[in-house]
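Participant: One line per chain: the protein sequences are A and B, in this order.
Note that my numbering has the first sequence beginning at 1, numbered continuously upward.
Note that my numbering has the second sequence beginning at 101, numbered continuously upward.
These aren't lab readings, by the way, just hints derived from the structure by calculation.
Fair warning: there could be bad hints in the mix.
[Stated by the list, open to error] Straight-line C-alpha distance at most 25 Å; calculated PhoX-like pairs for lysine-lysine: (1) 48/A with 138/B; (2) 148/B with 38/A; (3) 38/A with 57/A.
2 protein chains.
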Amino acid sequence: MREFELPSFPAAIEFVDRLAELAESENHHPDIDIRYRKVTVRWTSHDKGGITERDRKMAERTSALAGA
Amino acid sequence: MREFELPSFPAAIEFVDRLAELAESENHHPDIDIRYRKVTVRWTSHDKGGITERDRKMAERTSALAGA
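All chains, full assembly: derive it from the sequences and hints.
Facilitator: Written out as structure tokens, the structure is:
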């Protein structure tokens with residue numbers, strides 16, 4: 001689970017859009033909570049009962065998308 | 101607080117994009133939780149200590165955006 005703080009609300013939504021594109025292309029979808037310009041992203045594999053190596057890699061790619 | 105179930109994950113994201121546009125134009129931003137194709141939207145006025153008439157109107161407009 002990681003919280004990203006973007007410079008503005010529109011920047012937060014653009015980040016969510018990029019993240020959604022990645023999620024859809026990988027057919028793996030994180031939980032996303034938007035609180036104004038803060039976005040919390042949680043990658044888990046419910047069917048595997050927790051966090052897998054795949055989730056860790058998606059988390060890394062998410063950080064890259066946020067420019068963080 | 102209301103949960104909207106969209107037909108797909110991309111449809112859920114498109115709904116969030118429409119909602120974000122409304123939020124930004126009104127300078128009033130709801131809490132948004134995305135769980136695959138389910139989107140929970142919570143309009144509150146933190147500075148007013150709860151839900152106001154404005155929040156109720158925004159909630160109505162949100163339902164219209166979701167086509168629900």
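Participant: Now, for every hint given, state plainly whether the structure supports it.
Facilitator: Structure-based check of each hint:
1. Restraint check for residue 48/A and residue 138/B: the C-alpha separation of about 21 Å stays at or below 25 Å, so the hint holds.
2. Under the criterion of a C-alpha separation no larger than 25 Å, the hint pairing residue 148/B with residue 38/A is consistent with the structure, at around 21 Å.
3. Among the hinted pairs, residue 38/A with residue 57/A is consistent with the structure: their alpha-carbon atoms are about 21 Å apart, no more than 25 Å.
Of the numbered hints stated above, none is contradicted by the structure.
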